[in-house]
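Assemble the dimeric complex from its two separately framed chains, guided by the hints.
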Amino acid sequence: MEKTQISGIQLYLILLGFLFGSSVILTPALGAGRDAWLSMLIAGAAGSLLMWIYATIALLNPSKTLVEILRERMGRIAGTILSVLYIWYFIHLAALVFRNFGEFICTTTLVETPVAVVMGLFALVLLYAVNSGVEVMGRMSELLVILIPVVAFLISIALITAHDFTAFLPVLENGLSPVIHAAFVNLTFPFGEAVAFLMVFPHLNRMDNLKKVVISSTATSSALAIFVFARDLIALGSDLIARATFIPHLTSLLIPEFNVVPLVDINLLVGGGVKISVCIYAAAKGLSQVTGTHDYRSFSRAVITFCVVLAVWVYENTIEMFGWAEEIWPYYSIPFQIIIPLLLLLLSLRGKNKPSQPNTESTETESCTSDA
Amino acid sequence: MVIVIIVVFLIIIAYDVQGFIRKKERASAVIIYLVLMGISLVVSVLLASGKRPSSPAQWIEAALKMVGVVK
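These protein sequence lines are chains U and A, in that order. For the first sequence, this note's numbering begins at 64 and goes up steadily by one. For the second sequence, this note's numbering begins at 5 and goes up steadily by one.
Chain A on its own, in the form it takes in the complex (with noise of 0.2 Å):
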């Protein structure tokens, strides 16, 4: 299932990078794309391998405690 991922992933990055590449659009551009890609492969891997990290509902939920506004 992981290497299923990691295939269907480099398949995707592969196919808009060379768009980004073709259009010569700006290095933030790629950069902000690779990091929505890694995050997201990273993640997959973890959640099908049964390692789920923490999640941002939980990261939200505990800084609105910290705060005070949710008890």
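With the rest of the complex left out, here is chain U (with noise of 0.2 Å):
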């Protein structure tokens, strides 16, 4: 185990990061119209509990990643495919947000660049933040992340006179049934995918505060989400919502005088870099376990390389990336966000009896940090 800590303030900001990610220019509950809030409200509640899930799976298998547990408690031949399954999650993860990134620069911003150029030099970036490892992720995530919500409240602030509360009007207008659809999909998207964390979790210094940092991280992540939804809503209208490509980027444009492009530019940035750096550091750190590599490091340039092709591979255009988003990833993510990680639960419940052997490298690193 790499000799690396992060404190619990450095993980709610990395997971704030991860989970607000690509939701600054997708709205993945827009299936409900203006009954999103609903959605997000349900997929909050409901991304809560798959949180404590993934939290309680790191508790009950202390100091162990997750190709680690898959390995442990589903035997070594299960638990080396499912991991290399997961790793393969990860990185198509990781590709996804790439794109998502790319095509939000190339539309708006970079228009006369090729996504592939745009996607490569954010990697070049990325490379270095996932090589000087998850301390220094987290420190930079203390830095930039709390631009997320300050942005978000600075756009609000300036369209505060260009509003329409009716736009909520009427409520559950075709009924429950798209409302818990596209709660599902934001359950999916970003909830679930927090799943990378457990590659993540090992590496926090106080485990004791991990419920309550992932619930607060979730907690504050929906809220902000709500909050941009309801932003975005009252100052462009329903209709204007529904038939928008890029939400948040429209209602920037809204504020007279200023140009707030860049401001919303930048969030993509932090919280796209953010949950990238995550996706590619779990896709390494999983390939050099399950290889038996010394280094994440070795398997880290490959990793990148591997996903800005796949980026530029995965989709032909934004509308195609942008259907795959809504109708298929969330079926697809079910086994790896939900059913793997419940069974891996119910494994580590029926084995608390029988604790299993902490990793003695990271335990040492452990008790020498709280000693000093």
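Treat each hint with caution, since some may be false.
[Claimed, not checked] Pairwise CB distance ranges, derived in the manner of DEER restraints:
#1 A:M5 - U:H357: 35 to 43 Å
#2 U:L206 - A:R56: 36 to 44 Å
#3 U:R413 - A:Q62: 36 to 44 Å
#4 U:I382 - A:A66: 41 to 49 Å
#5 U:R269 - A:G54: 50 to 58 Å
#6 U:F228 - A:V11: 57 to 65 Å
#7 A:A18 - U:V188: 19 to 27 Å
#8 A:L68 - U:T143: 33 to 41 Å
[What the hints assert, rightly or not] Only part of the chain U face toward chain A is listed, based on derived beta-carbon distances under 10 Å:
#9 G138
#10 H155
#11 T176
#12 V181
#13 F185
#14 Y191
#15 G355
#16 V372
#17 V377
Hints are computed from structural coordinates only; laboratory data are not their basis. All C-beta atoms, glycine included, are put in the ideal place defined by N, C-alpha and C.
Okay, structure coming up:
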């Protein structure tokens, strides 16, 4: 285990950046139309439960990453196969976020630049962050993630005169079914994607804080997402929201005199950057543990290169990207985000009376840190 | 463009494999690394030459449709 540790506040901010991630430009619960705020509330509650499950798995398997837990609880062969599938999932997720970022930048800001160039340059910065380790990612989040709510708040203040609160009405015009479906989509994106944090949780310096940290981060992220959606809805109206591609970007264009689009870009750089970094770290770390390599950095360059190529390869255009994210991604994610973690939780609870041997190297690190 | 891509990939692979040999990593690690970079190189060359192969997104969609999860 890598000898690095992060504090509770750092994990809280990394998780907040991760959960907000692409939500800066995409509104996952948009299928519910003007009732999306209701879907977000339901998804936030269900997401907290999911995060509680991930945290419980981590606490029942102290100092172990997802790959180590899978191999211990499911057996070496099944565990390794599932680990490889998870590594693929993290790489795929990173590639999708790369593509979201690239499409947004190339559609709104750098319209003449090829999407591969934008993603390649972003990848270089993120490679540096990933190779610097979890500690640096934590410190980077402490500095940058705070910008996300600040920017959201600034844009909201600037739009305070453009509001129509009747945009929320009528509530549940199309019944409860679209709201539930949108809540499910929102649960898988972004809350379920935080399963990648099972590779990061062992680095928390005080594990007794874990549940508190993940639940509060989920609650903050939900509150922020609802706030941003409500702002967009009262500023743009439900008809325009249904037709817009990048909603927060469109809202920011309403501000007279000032060009605040770079602020939205910064939000995406921070949120998307944190999300991709965590996914790349999880994939590289997983690969190093599966192959028994000393250092995850040996794989980080290959993983990030593959992610950029996959991001260009995976969709032909923006419409396909949005359609896939809405219709296929939630069902594809169910085994990774819900079924396997639930199975792991059950197996971990069954083995609670026979606790596993914690990773000695990281335990030494933890005790050294607590002594200090 | 294709030549530039091949040269960039070869430089990255040469640099990383040197590291694998210096650290005396397992053969499985080198193989997985080369598989990842090999796929990236082949797909990049195909994309650069305008021959886009069917993507994993399409395979996943087809698989989910086949088992009836998605219509």
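Unmet hints by their number, sorted upward, for this structure = Hints 4, 8, 9, 11, 12, 13, 14 contradicted; others consistent.
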